[in-house]
Each structure stands twice: as C-alpha cells, then as structure tokens.
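> From first to last, the protein sequence lines are chains A and B. If you want the numbering used here, it's the position in the first sequence, counting the first as 1, plus 1044. If you want the numbering used here, it's the position in the second sequence, counting the first as 1, plus 1.
The hints are simulated quantities; they were obtained by calculation from the structure and are not laboratory data. Ideal Cβ placement from N, Cα and C applies to all residues, glycine included. Treat each hint with caution, since some may be false.
Claimed, not checked - Derived list of chain B stretches under chain A, where covered just means 3 residues or more per stretch with a C-beta under 8 Å from a C-beta of chain A:
{"no.": "1", "segment": "27–40"}
{"no.": "2", "segment": "90–100"}
{"no.": "3", "segment": "200–208"}
What the hints assert, rightly or not - Among chain A residues calculated to face chain B with C-beta under 7 Å, some are:
{"no.": "4", "residue": "LEU1464"}
{"no.": "5", "residue": "LEU1467"}
{"no.": "6", "residue": "LEU1503"}
{"no.": "7", "residue": "SER1521"}
{"no.": "8", "residue": "ARG1523"}
Stated by the list, open to error - The calculated EDC-like cross-link candidates involving lysine to aspartate or glutamate, where the alpha carbons are at most 20 Å apart (straight line), are:
{"no.": "9", "chain 1": "B", "residue 1": "LYS137", "chain 2": "B", "residue 2": "ASP86"}
{"no.": "10", "chain 1": "A", "residue 1": "LYS1085", "chain 2": "A", "residue 2": "GLU1069"}
{"no.": "11", "chain 1": "A", "residue 1": "LYS1575", "chain 2": "A", "residue 2": "GLU1539"}
{"no.": "12", "chain 1": "A", "residue 1": "LYS1561", "chain 2": "B", "residue 2": "ASP193"}
{"no.": "13", "chain 1": "A", "residue 1": "LYS1604", "chain 2": "A", "residue 2": "GLU1551"}
{"no.": "14", "chain 1": "A", "residue 1": "LYS1501", "chain 2": "A", "residue 2": "ASP1443"}
{"no.": "15", "chain 1": "A", "residue 1": "LYS1526", "chain 2": "B", "residue 2": "ASP193"}
{"no.": "16", "chain 1": "A", "residue 1": "LYS1561", "chain 2": "A", "residue 2": "ASP1490"}
{"no.": "17", "chain 1": "A", "residue 1": "LYS1527", "chain 2": "B", "residue 2": "GLU42"}
{"no.": "18", "chain 1": "A", "residue 1": "LYS1526", "chain 2": "B", "residue 2": "GLU18"}
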Amino acid sequence: MKIVIFIVLFLHSLILSQQIDETVEYIFPDENPVINLVGWKVAYGDSGVWSSPEYSDSSWELNPGFGLWVNEGKPGTGIRWYRKTIFFPEPLDSLATLALYQVAAVSANEIYWDGRLIARNGVPSPEMKSERSGVSGRIFPVPDAVTMPGKHLIAVRISNFHTLSGVIEAPLQMGYFSKIHGYLLRSQALSIFLAGIFFVIALFHFAILLGHGNKWPYALFSAFCLSCAVHISIRGLLRFFQIDLSRYYILAAINDIPWFLMLVLLPVFFLFEFNSPYKKRLTTIILLSGLVVVIFPRLATFGLVPVSWLSTFESANRINVYFTLVVSIAVALWAGFHRKIGSLSAALGLMAFLAGVILSSSAKVENGWAVGFAVMNIFLTVSLSNQMAYRNRLLHEADLRGARLELELLKKHIHPHFLLNSLNSIVAWLEENPPVASQLVNALADELRMLLSFSGKKLIPISEEVRLCRAHLNVMSLRQDKKFTMSVTGIEGNEQLPPLIIHTLVENGLSHGYANKETGFFTLTCICIKKGIRLTLFNDGACEEPRNTFREGTGFRYVKTRLEEAFPSSWRVDYGPVEGGWEVSIEYEGVS
Amino acid sequence: MNVLIVEDERVAARRLERMVREILGDKLVSIRCIESLHDTELFIARNPVDVLLLDLNLGGKDGFELLKTAVAESFQTIVVSANTDRALEAFEYGVLDFVPKPFDRGRLIKAFERLERVDTVVDHTAKMLIVRNQGKLQMVPIEQVKFLQGAGDYVEIHLQEGGVLLHNKSLEALSRILPSTFVRIHKSYIADLTRITNMKIYGGGKYECALNEGTVLPVSRTRYKELINYLEPQA
C-alpha cells in the first residue's frame, strides 16, 4: 500500500517537474474530445532540420494566444515554421486514430510529427510560383504507429503567397478522429439548423412588414435574423466545405458584414420598437462600437493594424457583444416598466441569450450560446406576436369606435326629440291646415333622406351640406310658422367638409334669439385663404342673452371632433356676436 | 282658470291653445301663449296664473331653469314636451303631469283632471319641494318634510331639523304632487303617515295624532277613520 502511495507521489512530482518545461503540453485525448493546440514556437525561414525533434528551438520566439500569424500579419511573404512539443502521459486508445483538424492556415502548409511528414495542405513553397494553396476544414489522421506515450514534436511549415490575410484565426486542433468528426457533424447540423431558423424568422417578419407597412422596426428585426442566417451559413461554408484558401479569407472578410449587422440591429430594433428615450444617441454609439470591433481585427489580418493588437480586439469584441445585449435588456426592462406590450418576454429572451453567451465563454458549455439564441428567438417571437395581437385589438377597437361615432351621429341628428316635435307640428297642421301638414311631411322626408345619405362619409361637398341646411330650415319654418332662409356665397362646387358641421351650427343658431320674430336668415360665406378654406356662418338671431351653452354644448363638441378627425390640428373655430347677429367662422386646410 | 302656455313653436302653441279652450270651456278666464323664457318670467310676476303648460325644450335654453322657478310658484305646472327621457326628473321637481308630444286631446284632458281630482292614480311624485326663500330657490328633499300646515295663501313646510319654510302653493295643490304617504289629516294639515306614532281621541269629536318627534297635530273627524285604516295594519 505504502509503495503504491510512494509511486503515485513520485509520478506526481515527475509530472510537476516536467510541467515546468513550458513548451511541452500534456495531452489527454481520452478526456477532451477536441484539444486546441496553442503556444507555438515560431521561426522565420526554412530549414530541413527544423522538423527534427533533436533540433533545439529554445531561441525561437513563443507565439502567445491561440491564433497564429505569419510575417507580422503581412501576407504574401516567405515561409515560416511552428514547433510545439506535446506529451502523452498515458497510452492512447489502441482502437482509435488520433487526428489533427485545421480550419484554415493561410495558403499552404505541411505538418511533421517527430520529423516525419504526416500531412500536407496545398504545397508550401518559398516562392509564389511554386506554391499551391490548400483548402479549409481539413482533418489529418495521425498514423497510429507514431502516437506512442511520451514526448512528441509537431512542426508546421507554412507559406503564404495566395491569401491576403496574414493571420490564422482558428487554432490547430487535436483529438481522436471519430470524436473530431462527431464534433464537426454536430457543429454542421447546428449551423444548418440555426441558419434555417433565422431564414424562416426573417421571412416571417418580412411578411409581417409587408402586411403592416408602417411598422418599419420589423424590418430591423427581419434584417437581424437575415444577418444571423447569412453569417452562420458563410461560417459553416468556410468550416465544413473545403474552400480554396486563396478565397477563404476574402469570404471571411465579407462575413464581417452580417456579423456587424447582427451586433447592431438587435439593440437598435429594441430601441425603436419600444420607442426608448435617447434612441438616436444610443444607436450612434452602438453603430460606432460595432464598426470598431469588426473592422479593426480584420484590418489586422491584412497587416494594416499591428497584429499584436488582436488579443485586445478579441476582448473588445466580447465586451461589445455583452454591451449590445445589456443595452437591449435595459431597453426591454424600461419598456416593461412602462407596461409596453411584449417587453417582458423580450427581456426574458435576451437574458436567456446572455446566460447562454456567458455559459459558453466562461463555463465552456458547448453550444450554450446557440441554445440561448434559440430560446431568445422563441421569446422574441412570442413578444412580437403579443404586440401584433395588441395592435390588432387596437385596430379593431378603432373600427368599433368609428361605428359607434356613426351611430351617435345618426342619433344626434335624427334624435327622437326632433322627430317627435316634428310629428307634433304635423298633427297641429293637420287640424289647422292639412296642405301645410303635407308640406311639412315632405320637408321632413327630404331632410331625413339627406341625413341618411351622409352617414359613413368622412367628407362631403359643402354644396350638399347647404342643401341639407336648407331642408332643415324648411322644416323649422313650417314647425315654427316663421320664414327661415339661407344664402350662400363663394362656394364653387368642389369644396369639402365633414358632414353635418354647418347643420349643427344652423341648429344652434336657430335656438337663440328668434322668439317673437317672423323671419330669420343665415349667410354662409366661403373664402379661399392661404392654406385652405374659411367658412363664415352669420345669422341674424338677436343675442340679448349670453350664449354659454354654445361653448359647452354637445353640438360644438361634435363640430370639433369631426374637424380634428378630418384635418388633424389644422383647423380653428371662432365665434361671437357681430352687428345684427351672431357669427361662427371655421378655417381648415381642406382641399378646395 | 288662467292658463299660460310657454312654447317656442307657434304651430304647436296654437294647437295647445285650441285644445285648452275646448277642454276648459267656460271655466277658462284667460289664456296666453309666450315664446321666450324671458317674457315668461316677466308675465308670471305680473299676472295671475293657475296652470302653466311648459315645453321643456324651450328654444335650446334648458327649460329646467324655468321649471325650477315655476314649481315654486302657486300655480301647477304641466310639462308638454317631446323630451320624454326627462319626464322622471320633471316629476321629481314637483310638476303635476308630463304630457309627451305628440299628444291627443284625451291625454290633455287627463292632465287637467289631475288639477282637481284627488283620486287620480299617480305614477310619479315629487322627490323635493322647491321653495322661494329670500328670493332664492331652495330645494327641500321630501324626506326632510315632517308635515305641512296651511296658512292662508301659503303653506308652512315644517322640516325635520325644526325650520319652517313657506311655499306659494296651496295645501290642495301640494297634495296633488306629494308622495302617497303624505295624507291630508285635517283641513289645514298634511302629515307624513310614516311618522305618525299614535292617535288620541278626546271627547267631543276631537282627535289628535302624535308624530315620532313629539309633535301633536289635530286630526279632523272625517279623516280619522281613514287614518285608522291606514295605520292599523301596521299596529
């Protein structure tokens, strides 16, 4: 027993002592399906002995981070070597084959295992002429014979004449062939799945946009989903379809456009959809930060910005993702605070996405972000459909309100009290002078027919309105046994007005100051003014009593409501006593 | 009988006048039609009126303004109007009747009958009495009225809180518009039946009743039996 413990301790100290050698990395393929190989020693130039494990690379520069770069990020020059020593502490699975996976490594490269060439992607060469570019997304099996436990040297010979980029973005990865293959299949399936989802959602919201033309924030969300779909598709294409490396980096640069749109459109969509304060200022900030984090790293891969800044940009990029998500969540929560429809589910969805992003970057939960993304989309779709349902309800209510207003209009203008009084007068005339009774019946019928023909119309010609007013004056003349007349000047025939406005004013005029008088006359004058029409209605009713009732009356409320409905905030009504009577004037920016 | 018609539509006014003349015949002393509220107020102040026929929709200005003034006067008010939706309100103010337009002769006859007969079926009654108190109109809810006592041309309204207000109408006229619990117990008294706690009989045909606050009112012999019949089911 003691011996066992001693051996374990000895082995442990052995391991510890060997870990001090920082160029040697311990690899446990049985524990990690896919291992990123980072921390390579780099040398510029070309030599046959550099592939040999016997050669000492202690004078070589250590390349930090997972990315590799050549020629300080400047593409198109010479050849470079990378060396890395790994250590298998235990024997590998004898039934599985070890493999290396390479997303893309500039133009061409060769991989040596303990000095023996095991893989070639393209043909690396110190000259442009003889270099042949490789393809992306390669898996190279490592021969079983060379993967015995212990130390191994991996050396990579890279040349770069055919790409514009001087940066290798993804690390060389190692693992059992079957595991890498499975991992790639899963990523591929996820890419297709997500791209499909986003295409469908983008189409869905685009369709909504077509249906509700005025809801342009939906265009933002539709564009966001489309950007997601395009970005994921191109990324999948680059990783899983073997793209010629001379084109790979151009395509990768193009794929920055949808990535930028993804970063920007989501928060901007929420800002405008929920109509948040400072939305324009925040949009500018989001646009600028998005541009910086997307453009600068790409400039670095083309050698236009010092390549050593890349790691800084990587953090900036991550921070920017959090920033846009936090802005979106803040907007959704603000909207929730103001009880805007759909804001709560939007906030929940965004939080799910944020949790997914945090999980996959810190706790290394594979595809956590994708799950978060899917959850967010479900919530956002719920949020948008809630809002749509709410808008539909509003629309429906507005329709109902319109119908109710229409009913009220009929009730107000053909109200029972008007009809009953008229009937009473008809009875009185029947007893007194039957021919006049029949005149009154005809006059009443004229007025009712015209009232009915106006119902449901937003605007009618003023000449029609005048006909109605004359019919009404006719009825009232016969009812009161007086002579009411109306003269009209300035109407050319095509001026329009909401229905029953002048009628309401005439009714109001009739109810004041005609006691003990035998006649009454109304004058309607129409003048074209700068931006529309001025209508003036004069009547000769005596105004010995104050007319407070006019201001407060339902009739005047009706006039105001109809004018506002037809000419929003571009109308005015004035009224007051004038010499010999009372005058009301209406100005509006109507079509004349 | 002096009749005043307030109606802004001449044709309707002429018809009313014709009908009133027919219905009242010789009983009619004077009849007058007025078109405006202003003229009406002036006329009432200077001329004797027994019945006012009032159109509630007087020329746009709310006829209720005039109605409140009218019901405080000594004459009875009959509303003749197409605004049937306001009938109940008019009754609550204490009008004698509400004749909806258009009407026929029979309906108007019924309204005039209510002027004189006690036993007409009353479907709506006053909820308040409007009195002119120091030149201002004061509304007295019926619940606050303890009893009414005739005093010459006026009626004293005795209130629960102890005050007394004068009404221009006669006891007879008020009995037409008050709720059925207000009963004529004596030539000069109307009391709220629900307030009577007990009856006392003295010799020589003298009767009295006591109200729940302690007031004692005389009861006439003829009314006594009716009153007992009223009260007994409760006792």
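> For each hint, tell me whether it holds in the structure or not.
Evaluated hints:
Restraint check on the segment 27–40 of chain B versus chain A: 4 residues with Cβ-Cβ distances below 8 Å, three needed, restraint holds. A stretch counts as covered by a chain when three or more of its residues have a beta carbon under 8 Å from one of that chain; for the segment 90–100 of chain B and chain A the count is 0, and the coverage is violated. Given as covered by chain A, the segment 200–208 of chain B fails the check, having 0 residues with a CB less than 8 Å from a CB of that chain where 3 are the minimum. Checking LEU1464 (chain A) against chain B by beta carbon gives a least distance of about 4 Å; that is within 7 Å, so the hint holds.
Because the beta carbon of LEU1467 (chain A) sits about 5 Å from the nearest beta carbon in chain B, less than 7 Å, this interface hint is met. The beta carbon of LEU1503 (chain A) comes no nearer than 28 Å to any beta carbon in chain B, farther than 7 Å, and the hint placing it at the interface is violated. Below 7 Å, beta-carbon pairs count as interface contacts, and SER1521 (chain A) has none with chain B, the closest being about 10 Å; its hint is therefore violated. The restraint placing ARG1523 (chain A) at the interface with chain B holds, with a minimum CB-CB distance near 5 Å, inside the 7 Å limit.
The hinted pair formed by LYS137 (chain B) and ASP86 (chain B) fails the criterion: a straight-line CA distance of about 28 Å is larger than 20 Å. The straight-line distance between the Cα atoms of LYS1085 (chain A) and GLU1069 (chain A) is roughly 13 Å, inside the 20 Å bound, and the hint therefore holds. About 13 Å separates the Cα atoms of LYS1575 (chain A) and GLU1539 (chain A), which keeps this hinted pair within 20 Å; it holds. Between the alpha carbons of LYS1561 (chain A) and ASP193 (chain B) the distance comes to roughly 49 Å, so the proposed pair goes past 20 Å and is violated.
For the suggested pair LYS1604 (chain A) and GLU1551 (chain A), the alpha carbons sit about 16 Å apart, so the restraint of at most 20 Å is met. At most 20 Å may separate the alpha-carbon atoms for a hinted pair to count; LYS1501 (chain A) and ASP1443 (chain A) meet this at roughly 14 Å. Using a Cα cut-off of 20 Å, the hinted pair LYS1526 (chain A) and ASP193 (chain B) is violated, with the two alpha carbons roughly 50 Å apart. Pair hint LYS1561 (chain A) plus ASP1490 (chain A) does not hold up; C-alpha atoms about 25 Å apart against a cutoff of 20 Å.
A distance of roughly 27 Å separates the Cα atoms of LYS1527 (chain A) and GLU42 (chain B); the hinted pair therefore is violated under the 20 Å criterion. Proposed proximity of LYS1526 (chain A) and GLU18 (chain B) is supported: the alpha carbons are some 18 Å apart, at most 20 Å.
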